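K.L.:
Chain residues, written in single-letter form:
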Amino acid sequence: MNKKESQAVLLAHYKSPTGLGEIDENYSVGKGINPLCGDEISVGVTLENDVITDIKFQARACSICIASSSIMNQLLINEKISQIEYYYQQLNGLLKDSCSAIQTEELLRPLASISAMPSRHKCAQLSWEALSEACKH
Amino acid sequence: MNKKESQAVLLAHYKSPTGLGEIDENYSVGKGINPLCGDEISVGVTLENDVITDIKFQARACSICIASSSIMNQLLINEKISQIEYYYQQLNGLLKDSCSAIQTEELLRPLASISAMPSRHKCAQLSWEALSEACKH
Amino acid sequence: MNSLAAKKSISTYDVYQHAIEQFSHYDNERYHYLDSAATSQKPDCVIDAVTQGYRHFCAPVHRASYPLGEAASSAYETARARVAQFINAPTSQLIFTKSCTEAINQVTLGWAKSIIKPQQKIWLTRMEHNANYLPWHQLCQTTGAELKIIEMDEDGCLLLEQEEIWHESTFLIALTHCSNVLGGENPIQELCDKARAQGIYTLIDAAQSVSHLPLDVDKLACDFLAFSAHKMYGPEGIGALYIDVKRMAEMSPLLMGGGIVESVDEQHIVLREAPYCFEAGSPNLSGALGFAAAADFLQGLPAAAVSQYVGELGRQFRQALAQQGNVTLMPIAGGGEHSSVLSFTVDGVHPHDVAQVAADNGVAIRTGNHCSHLLLNHLKVGALNRLSLGVYNRREDIEPLIKSIKLATEIFT
Amino acid sequence: MNSLAAKKSISTYDVYQHAIEQFSHYDNERYHYLDSAATSQKPDCVIDAVTQGYRHFCAPVHRASYPLGEAASSAYETARARVAQFINAPTSQLIFTKSCTEAINQVTLGWAKSIIKPQQKIWLTRMEHNANYLPWHQLCQTTGAELKIIEMDEDGCLLLEQEEIWHESTFLIALTHCSNVLGGENPIQELCDKARAQGIYTLIDAAQSVSHLPLDVDKLACDFLAFSAHKMYGPEGIGALYIDVKRMAEMSPLLMGGGIVESVDEQHIVLREAPYCFEAGSPNLSGALGFAAAADFLQGLPAAAVSQYVGELGRQFRQALAQQGNVTLMPIAGGGEHSSVLSFTVDGVHPHDVAQVAADNGVAIRTGNHCSHLLLNHLKVGALNRLSLGVYNRREDIEPLIKSIKLATEIFT
Ligand SMILES: Cc1ncc(COP(=O)(O)O)c(C=O)c1O
Ligand SMILES: Cc1ncc(COP(=O)(O)O)c(C=O)c1O
Numbered sequence: 001m002n003k004k005e006s007q008a009v010l011l012a013h014y015k016s017p018t019g020l021g022e023i024d025e026n027y028s029v030g031k032g033i034n035p036l037c038g039d040e041i042s043v044g045v046t047l048e049n050d051v052i053t054d055i056k057f058q059a060r061a062c063s064i065c066i067a068s069s070s071i072m073n074q075l076l077i078n079e080k081i082s083q084i085e086y087y088y089q090q091l092n093g094l095l096k097d098s099c100s101a102i103q104t105e106e107l108l109r110p111l112a113s114i115s116a117m118p119s120r121h122k123c124a125q126l127s128w129e130a131l132s133e134a135c136k137h
Numbered sequence: 001m002n003k004k005e006s007q008a009v010l011l012a013h014y015k016s017p018t019g020l021g022e023i024d025e026n027y028s029v030g031k032g033i034n035p036l037c038g039d040e041i042s043v044g045v046t047l048e049n050d051v052i053t054d055i056k057f058q059a060r061a062c063s064i065c066i067a068s069s070s071i072m073n074q075l076l077i078n079e080k081i082s083q084i085e086y087y088y089q090q091l092n093g094l095l096k097d098s099c100s101a102i103q104t105e106e107l108l109r110p111l112a113s114i115s116a117m118p119s120r121h122k123c124a125q126l127s128w129e130a131l132s133e134a135c136k137h
Numbered sequence: 001m002n003s004l005a006a007k008k009s010i011s012t013y014d015v016y017q018h019a020i021e022q023f024s025h026y027d028n029e030r031y032h033y034l035d036s037a038a039t040s041q042k043p044d045c046v047i048d049a050v051t052q053g054y055r056h057f058c059a060p061v062h063r064a065s066y067p068l069g070e071a072a073s074s075a076y077e078t079a080r081a082r083v084a085q086f087i088n089a090p091t092s093q094l095i096f097t098k099s100c101t102e103a104i105n106q107v108t109l110g111w112a113k114s115i116i117k118p119q120q121k122i123w124l125t126r127m128e129h130n131a132n133y134l135p136w137h138q139l140c141q142t143t144g145a146e147l148k149i150i151e152m153d154e155d156g157c158l159l160l161e162q163e164e165i166w167h168e169s170t171f172l173i174a175l176t177h178c179s180n181v182l183g184g185e186n187p188i189q190e191l192c193d194k195a196r197a198q199g200i201y202t203l204i205d206a207a208q209s210v211s212h213l214p215l216d217v218d219k220l221a222c223d224f225l226a227f228s229a230h231k232m233y234g235p236e237g238i239g240a241l242y243i244d245v246k247r248m249a250e251m252s253p254l255l256m257g258g259g260i261v262e263s264v265d266e267q268h269i270v271l272r273e274a275p276y277c278f279e280a281g282s283p284n285l286s287g288a289l290g291f292a293a294a295a296d297f298l299q300g301l302p303a304a305a306v307s308q309y310v311g312e313l314g315r316q317f318r319q320a321l322a323q324q325g326n327v328t329l330m331p332i333a334g335g336g337e338h339s340s341v342l343s344f345t346v347d348g349v350h351p352h353d354v355a356q357v358a359a360d361n362g363v364a365i366r367t368g369n370h371c372s373h374l375l376l377n378h379l380k381v382g383a384l385n386r387l388s389l390g391v392y393n394r395r396e397d398i399e400p401l402i403k404s405i406k407l408a409t410e411i412f413t
Numbered sequence: 001m002n003s004l005a006a007k008k009s010i011s012t013y014d015v016y017q018h019a020i021e022q023f024s025h026y027d028n029e030r031y032h033y034l035d036s037a038a039t040s041q042k043p044d045c046v047i048d049a050v051t052q053g054y055r056h057f058c059a060p061v062h063r064a065s066y067p068l069g070e071a072a073s074s075a076y077e078t079a080r081a082r083v084a085q086f087i088n089a090p091t092s093q094l095i096f097t098k099s100c101t102e103a104i105n106q107v108t109l110g111w112a113k114s115i116i117k118p119q120q121k122i123w124l125t126r127m128e129h130n131a132n133y134l135p136w137h138q139l140c141q142t143t144g145a146e147l148k149i150i151e152m153d154e155d156g157c158l159l160l161e162q163e164e165i166w167h168e169s170t171f172l173i174a175l176t177h178c179s180n181v182l183g184g185e186n187p188i189q190e191l192c193d194k195a196r197a198q199g200i201y202t203l204i205d206a207a208q209s210v211s212h213l214p215l216d217v218d219k220l221a222c223d224f225l226a227f228s229a230h231k232m233y234g235p236e237g238i239g240a241l242y243i244d245v246k247r248m249a250e251m252s253p254l255l256m257g258g259g260i261v262e263s264v265d266e267q268h269i270v271l272r273e274a275p276y277c278f279e280a281g282s283p284n285l286s287g288a289l290g291f292a293a294a295a296d297f298l299q300g301l302p303a304a305a306v307s308q309y310v311g312e313l314g315r316q317f318r319q320a321l322a323q324q325g326n327v328t329l330m331p332i333a334g335g336g337e338h339s340s341v342l343s344f345t346v347d348g349v350h351p352h353d354v355a356q357v358a359a360d361n362g363v364a365i366r367t368g369n370h371c372s373h374l375l376l377n378h379l380k381v382g383a384l385n386r387l388s389l390g391v392y393n394r395r396e397d398i399e400p401l402i403k404s405i406k407l408a409t410e411i412f413t
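Chains as they are written, first to last, in the working numbering: chain B, 1 to 137; chain D, 1 to 137; chain P, 1 to 413; chain Y, 1 to 413.
Next comes chain B alone, as it looks inside the complex (with noise of 0.2 Å):
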């Protein structure tokens, strides 16, 4: 995938993210905030039995973010907590080295396209804090 086709991808995650909605008090909830920006997300969960049923978010985001919790909501949702921390390691690896893209969940990899710019690293991942918080409340 080169990175037209990658950007492409998050754009259509940005438009219609999955997972964007009202989080009720059913959901456990953590903040992520990006100091360059002050972007601010909220993202709620609902456990059962250590797996993921639902995840909701909130932000003040820019598209990066809102593609990157589209991305982990499809992937976490019906998953036992500990693959957050599986894929999470995932998506590290690929913004540090976007060749390991090839080994990586192919929900992940259009996220490679902003590995040479560390600055928007933390747009990827903010979401994916909140949900490791909000799973531990």
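Honestly, the hints are just simulated from the structure, not real lab data. Bear in mind that the values here come from a model prediction, so they are computed numbers and not experimental data. For glycine and all other residues, C-beta sits at the position ideal for the given N, C-alpha and C. A hint or two may mislead.
[As the list claims (entries may be wrong)] Here are the computed lysine to aspartate or glutamate pairs in the EDC-like style, where the Cα-Cα straight-line distance is at most 20 Å:
id, chain 1, residue 1, chain 2, residue 2
1, D, K4, Y, E410
2, P, K121, P, E250
3, D, K3, D, E105
4, Y, K219, Y, D244
5, D, K96, P, E273
6, P, K121, Y, D265
7, D, K4, Y, D360
8, D, K122, P, E77
[Said to hold, decoys possible] Simulated restraints on C-beta separations:
id, chain 1, residue 1, chain 2, residue 2, range
9, D, E25, Y, R30, 50 to 58 Å
10, B, G21, P, D14, 53 to 61 Å
11, Y, R30, P, E29, 28 to 36 Å
Once you have looked at the hints, place chains D, P and Y with the ligands on chain B.
P.N.:
Coordinates of chains D, P and Y with the ligands only, in the frame set by chain B:
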């Protein structure tokens, strides 16, 4: 007077300085310290009606400092206190600009040879500062 | 100053034409650098001065009496004199720091902290950079003094008429001359005059203005003025603080170390005279030489021409932005029309995404909070786009920016 | 590292021959620079690195997402990693400061001040530079802690056997690795091991050793280690502080300003993670690049070759000085034979006068108190002569110094 000649005159002062000697309790004393090297000088003065009747100094100091003290001694005994400032300004003028030597008291002129070495200016000024202080006591 | 050039009318003097030759490493065909408020590109003369320092003046400053050491010391003091002269300050009242940030912290920790009393007030403006906010915030928390904010109106003008500001409980007003977000110019002369009459101290953060607005501390009669070299075409890692002579006597060093003491024993420390006692550690000679070269560079252009040039170019950028239906412009500080710094948002497109599209098209603009949390919290935005201009910018930089904004709008809305 | 060179035996590797080509601006025929302990001459690669920074990386570090900004940020972090690796530290535990002096003050004011309790003791050695004395002196005066001095014997060895040093009331031992007056090497590994076992914190002032002694903070396991770039062939205006990870968590920033906060509102400030929160203000990128280039330069020579070279050259200088009937040599710190720094006096000739005659003959040695009042007060001298060596010095520098001493003796006695 060229640099060599000036240095020779300063050296002569250094080798047999006027006024080097013990400062007894009849003298009021001022002290000077050079922060660069820790050199110390004590200058004692006796006054009668605002006229300097004697100056003595004791020092742990370099040749420039000793020579300057000796010159000061030769210049100022039997002069009014106010002349300290007058000659001190001449000295400072000379250190700033060696070309001003021509309008400077002859005894001071050899000190023009250190004008290009600002780090040594303090060596030449130290005894003068100590004398001023002594006169205030 | 080139006296021939100076005689020509300022408006016809082409700052860009004269300056651009000096920036032989800035490729303005391929690249549109619109982030000079963060740091400026460097003219060749500044790079040369730094290099000359490393080639020909490698010796300790103020510590050696061999010829190279004397040369280093006097080069350093000549540079100090040059930078002081640039803001019309006496040489002995200018200290070198590593940055504007350190300069302000020197005032906070080395002076205000030991003098201010609980309940006294420090007034800052809504548009301060964190460098002129966080030190005071911390000071107030540790001393019980009170931090107060001078608000601004919708046109970017400070609300200076409130009586409370001028109350005798006010200790200090610390404000930026030119805002790093809203550009423009705050009325520092009037403010300093009024403050002085009331016995209120003043600190001017000139980080943003020093590159293009004339500064004269003698006329301003402020107590402190701080700036960095790297934002005025000079090198990194060096800044300066002007200190009023009375404040200098009340100040103690921020850092303790070599070069600041006259004598030391286990009980007593006798400090050297100012400015030396405020510059602990080996002086940054090459930085000082580059700093002086930057002052030469700027004063080689006729007085006021730079501010006129970048201000007018900023006005043209603003006009072009205003013509876009979906761009919201932030006001200009002080309410004027001319500003070399402009902030804006594009409706429906996140500032990050605007900046990204611009970057992809060779236009370097900024996104983020610009270290101005006080202002952005107030505006209730997390990020803004910002463009800022230097003498190497020109009209031709406008079109690529506008195109980028249009493209970003297409893509993201 | 040049692997071929590395394979050769160290003793036959000619450090001087390989290094001198890099110092194209140092004219060692006309000039004998024997003041590298104050600041070193700069190799071309360091000057180039600084210049490249100003030519090709003029953009804000950690603040921008356009390509030049990203390049600047990653160049800065790569430089941090390089310098950290040079002392075998994890990248995130090395902060850039403006100097060794600032680094030590960061420890004093940002860490010790809020943790130390009255009556706790800080031990320094008799041979500390003012940079590692005055900050602690001041700290003790403001906190009621007690400053204690580790004395040394006539051979320059620290008297580390006193029980009082290792008492539980000892908070910290702060000492220099290599003395700027007595050269040599203090036994920091043993000291750090013993201190750690007793729960005593350690700070190593590596300003003098970093240019020639291998440093490995992982093995040392000290709490802090401070140094400056300009004494290790690097640029001015930048230094570094290594901080143990536990101490880092206890530390607060010395300076407040841009780039250190995650979020700010009028009540609360949330700091960013280390190392960023300790580097307020615009980072000195060109300085960092030059710093990294200096590390490359030194590690381009085989390990231990530099220390062997300058140490052996120092031994030869010492021998030649000892042969003069009227030269009194100060001991070498740690009691060894090899030292790149030597101090001495010439009987009956004031150190200023010795240095002056040397200067007149093209030899740059130092005179003065070398910012070491503690030691000079103890030795009951106001000034000493000092010579100190770099990789560009050689045997041919000995004769001119000896001649100068003879001449000074003739003139002044
Ligand atoms: C032993 C020692 N420590 C600290 C310093 C201070 O280094 P800097 O002046 O670069 O901050 C010096 C430099 O003179 C030194 O020799
Ligand atoms: C208004 C203002 N003040 C202070 C600073 C701090 O300058 P420096 O980072 O060079 O210390 C900046 C730079 O970002 C600024 O824009």
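K.L.:
Are the hints correct? Go through all of them and say.
P.N.:
Evaluation of the provided hints:
no.: 1; hint: D/K4 to Y/E410; in the structure: holds (16 Å)
no.: 2; hint: P/K121 to P/E250; in the structure: holds (19 Å)
no.: 3; hint: D/K3 to D/E105; in the structure: holds (17 Å)
no.: 4; hint: Y/K219 to Y/D244; in the structure: holds (12 Å)
no.: 5; hint: D/K96 to P/E273; in the structure: holds (19 Å)
no.: 6; hint: P/K121 to Y/D265; in the structure: holds (18 Å)
no.: 7; hint: D/K4 to Y/D360; in the structure: holds (12 Å)
no.: 8; hint: D/K122 to P/E77; in the structure: holds (16 Å)
no.: 9; hint: D/E25 to Y/R30: 50 to 58 Å; in the structure: holds (54 Å)
no.: 10; hint: B/G21 to P/D14: 53 to 61 Å; in the structure: holds (56 Å)
no.: 11; hint: Y/R30 to P/E29: 28 to 36 Å; in the structure: violated (45 Å)
In this structure, the one hint that does not hold is number 11.
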